[in-house]
Amino acid sequence: MTDKALKSRLSRSRTRSAWLFLAPMLVTLFVVAAWPLGRTIWFSFTDASLDMISEARWVGFRNYLEYVDWGDGNGQYYGILVDARWWRSVINTIVFALASVSLETVFGLIIALVLNQKFRGRGFVRAAVLIPWAIPTIVSAKMWAWMLHDQFGIINDMLQSLGLITEPIAWTASPSTAMIAVLMVDVWKTTPFMALLILAGLQMVPQDIYEAAKLDGVPAHRVFRKVTLPLIMPAVLVAVVFRALDALRIFDIVYVLTPNTDATRTMSVFARENLFDYDKFAYGSAASTLLFLVIALITIAFIMITRMDLEGKRS
Amino acid sequence: MKMKSLLSGVAALAFIATGVMAEDLTIVHGAIGRDQEVLRGQLDQFEADTGHTVTIVSMPESSTDQFGQYRLWLAAQSSDIDVYRLDVIWAPQLASHFIDMNPYVADIIGDFVPAAVESQTVNGKLVALPFFLGAPALYYRSDLLEKYGEQVPATWQDMTATAQRIMDAERAAGNDGMYGFVFQGAAYEGLTCNAQEWVNSFGGGRIVELDGSININNEKAAEALTLAASWVGGIAPEGVLNYKEEDARGVFQSGNSVFMRNWNYAYALSAGEDSPVRDIFAVTTLPSGGEGTTSAATLGGSSLGVSAYSEHQDAAVELVQFLTNYENQKERAIVTSRPPTLTAVYDDAEVAELQEFIPLWKPVVDNALPRPSAATLRKYNEVSAAFWTAVHNTMSGDGTAEENLAELEIDLTRLRGPRW
Chain A
1 MTDKALKSRL SRSRTRSAWL FLAPMLVTLF VVAAWPLGRT IWFSFTDASL DMISEARWVG
61 FRNYLEYVDW GDGNGQYYGI LVDARWWRSV INTIVFALAS VSLETVFGLI IALVLNQKFR
121 GRGFVRAAVL IPWAIPTIVS AKMWAWMLHD QFGIINDMLQ SLGLITEPIA WTASPSTAMI
181 AVLMVDVWKT TPFMALLILA GLQMVPQDIY EAAKLDGVPA HRVFRKVTLP LIMPAVLVAV
241 VFRALDALRI FDIVYVLTPN TDATRTMSVF ARENLFDYDK FAYGSAASTL LFLVIALITI
301 AFIMITRMDL EGKRS
Chain B
1 MKMKSLLSGV AALAFIATGV MAEDLTIVHG AIGRDQEVLR GQLDQFEADT GHTVTIVSMP
61 ESSTDQFGQY RLWLAAQSSD IDVYRLDVIW APQLASHFID MNPYVADIIG DFVPAAVESQ
121 TVNGKLVALP FFLGAPALYY RSDLLEKYGE QVPATWQDMT ATAQRIMDAE RAAGNDGMYG
181 FVFQGAAYEG LTCNAQEWVN SFGGGRIVEL DGSININNEK AAEALTLAAS WVGGIAPEGV
241 LNYKEEDARG VFQSGNSVFM RNWNYAYALS AGEDSPVRDI FAVTTLPSGG EGTTSAATLG
301 GSSLGVSAYS EHQDAAVELV QFLTNYENQK ERAIVTSRPP TLTAVYDDAE VAELQEFIPL
361 WKPVVDNALP RPSAATLRKY NEVSAAFWTA VHNTMSGDGT AEENLAELEI DLTRLRGPRW
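Protein chains in written order, with our numbering: chain A, 1 to 315; chain B, 1 to 420.
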């Protein structure tokens, strides 16, 4: 047997065992991700309703867009692509995602920089900042709903006793503040997660760079801009993608905290409403499919624009 | 201890001997006020009488939220839940998932309030047995009306003026937290109930009439909603746009509102021993929309249905019959002030003495206004959501009543298509 043949046999068997080890995960992924996703996409092309799922019939693109001729020369477009409520919820979701992820990145970065310093009780503080993130979202949303209540809420009470406002603010009820309330709760809840991921990035930065910069007398803000920021950028970008994916699917805070209106309805809320409340399972599936597409497109675009290093080639 | 186990042993033997098996039942229902507490007490009695055990699965306050979960269980044909407590409007949508109660209750069905039975009958099938009725009332602070020499208002316009006057006077006297009126203004089924009362009492129709025609885009309805919109941030706190039943009760019962629209359950709680408004409030029928109109009260309430997927159907039917029997309805009427579904309980002397509210409400219940769920069938939820959205938008200043109602008419027409 030649050396070459042996090598290729070796590498073949390695590849085989790699696939063997991956197989359970691939099967699991197929069962819990690909299959439901495929089913949802399929349902979006049918007339399925929740009570009659097994009898769903193929209707083509009707759930997305369909021109219905009323027979008298007039007609109208129907379908999710011309549904104003859907587009309103797309806009709400994107506004929410942009605002929440930006705020969380900035606050997360600040907190991470503080936690990266050596001080007494650092371990304790690091654990403590994680508490908001550890509380289940439904619990924290309900908790904040009470704190933000216009009559019994502690937030209004505090602001009033500080003299900042004269009348209690109906945070979650008024359309002008409902989205702000959602953002506040989400930022409170998820900033710790951002801070933790960024902190992990900060800890990878070699300390001798800072010592050299200190010796050379480089001002701190320059060190931050020219050294720290570029070095932690990969970690920050990964954190941003994680958060953006989450934010685009936002459901629970909106659902628990605010009245279910045009001001805060997100894509997930819209999909749920159609899937379960309205007996329009197919239409809701179409909304879920579009939600999936929107998230996929935004993620791909983001990865391409930031040239994110997913394969680890540069390291 | 020994005696007890001996007894239960004998009881178990008795069950085996008579061929009756002790079964584990599950009942699911939403929790408002003291419902759950009373239910548990009655279930304990049922368990002691029959040897079955019953577990309560508790649901959120909003019936819109409950519906989504029920839908999932029923679509999955889950046998986890045996008895569902259903909102009065759901029978047409969920009929296929429940057994027909007719054969079990043929001899007693005549004792029930006819409107309640009718609301649960779909194509001759009795989907669920009426559990209690719901009819709203206008709660008011009798002490404040007396203090300022005001009458109990007969129209919404009077109510608005009275509320404004008393609220202003109370605030001038240093009572900063005082409001005029609270109701259920969050965007959910409760707002549909409230707004249907405003619109109907102004003579603005029933959203979708019994024959399926759409009747909501009219001057009377716009007038009603415009008045309602003027309440928000005026006599009502702005937060009312996110209030459900218990939020409104919280404000009223802590003494911070002159008027409140709420269901009957709030009466027993407001009159409870720990209630700050205990002896200083009263109830009356909801106002009308002015001359030539009558007051309208949305028919609410719950019924008990036995799941078609239950593995203990006979025991479940037994449970439903037990919970709706005279004694238990009477207890519920007295403790929770929920109007009963058995006609005779309204005439019970003890109920009249302990809960004077109940007999007074018989005519209100008899004339209560059903929501358009029978006409719109499976599309009811979407109709209701479209309606409450138009109302909520109007109240939060997003478009005028006329604009929102015109848009609503287009939405409903689209939604209906060739038929409901």
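Treat the hints as calculated values from the structure; they're not laboratory data.
Be careful, since some hints might not be right.
As the list claims (entries may be wrong) - Computed cross-link-like contacts, EDC-like style, restricted to lysine to aspartate or glutamate with a CA-CA straight-line distance of at most 20 angstroms:
id: 1; chain 1: B; residue 1: K330; chain 2: B; residue 2: D314
id: 2; chain 1: A; residue 1: K142; chain 2: B; residue 2: E246
id: 3; chain 1: B; residue 1: K220; chain 2: B; residue 2: E350
id: 4; chain 1: B; residue 1: K362; chain 2: B; residue 2: D347
id: 5; chain 1: B; residue 1: K125; chain 2: B; residue 2: D143
id: 6; chain 1: A; residue 1: K142; chain 2: B; residue 2: D65
id: 7; chain 1: B; residue 1: K125; chain 2: A; residue 2: D252
id: 8; chain 1: B; residue 1: K330; chain 2: B; residue 2: D366
id: 9; chain 1: A; residue 1: K118; chain 2: A; residue 2: D252
id: 10; chain 1: B; residue 1: K125; chain 2: B; residue 2: E146
id: 11; chain 1: A; residue 1: K189; chain 2: A; residue 2: D262
id: 12; chain 1: B; residue 1: K330; chain 2: B; residue 2: D65
id: 13; chain 1: A; residue 1: K142; chain 2: B; residue 2: E409
id: 14; chain 1: A; residue 1: K142; chain 2: A; residue 2: D252
id: 15; chain 1: A; residue 1: K142; chain 2: B; residue 2: D107
Hints, verified against the model:
Taking the CA atoms of B:K330 and B:D314, the gap is near 24 angstroms; set against the 20 angstroms cutoff, the hint is violated. At most 20 angstroms may separate the alpha-carbon atoms for a hinted pair to count; A:K142 and B:E246 meet this at roughly 14 angstroms. As the CA atoms of B:K220 and B:E350 are separated by approximately 42 angstroms, the hinted pair breaks the 20 angstroms bound. Taken as a hint, the B:K362 and B:D347 pair is honoured in the structure, with Cα atoms around 9 angstroms apart against an allowance of 20 angstroms.
For the suggested pair B:K125 and B:D143, the alpha carbons sit about 49 angstroms apart, so the restraint of at most 20 angstroms is broken. Taking the CA atoms of A:K142 and B:D65, the gap is near 15 angstroms; set against the 20 angstroms cutoff, the hint holds. Our distance criterion of 20 angstroms between C-alpha atoms is broken by B:K125 and A:D252, whose separation comes to about 37 angstroms. A C-alpha spacing of about 18 angstroms is found between B:K330 and B:D366, which places the hinted pair at or below 20 angstroms, so the restraint holds.
Straight-line distance between C-alpha atoms of A:K118 and A:D252 comes to about 37 angstroms, which puts the hinted pair past the 20 angstroms bound. For a cut-off of 20 angstroms, the pair hint linking B:K125 to B:E146 is broken: about 50 angstroms separates their Cα positions. The suggested pairing of A:K189 with A:D262 is violated, with an alpha-carbon distance near 24 angstroms, which exceeds 20 angstroms. Restraint check: the Cα-Cα separation between B:K330 and B:D65 comes to about 29 angstroms, which exceeds 20 angstroms; the hinted pair is violated.
Restraint check for A:K142 and B:E409: the C-alpha separation of about 35 angstroms exceeds 20 angstroms, so the hint is violated. Proposed proximity of A:K142 and A:D252 is supported: the alpha carbons are some 10 angstroms apart, at most 20 angstroms. The straight-line distance between the Cα atoms of A:K142 and B:D107 is roughly 47 angstroms, outside the 20 angstroms bound, and the hint therefore fails.
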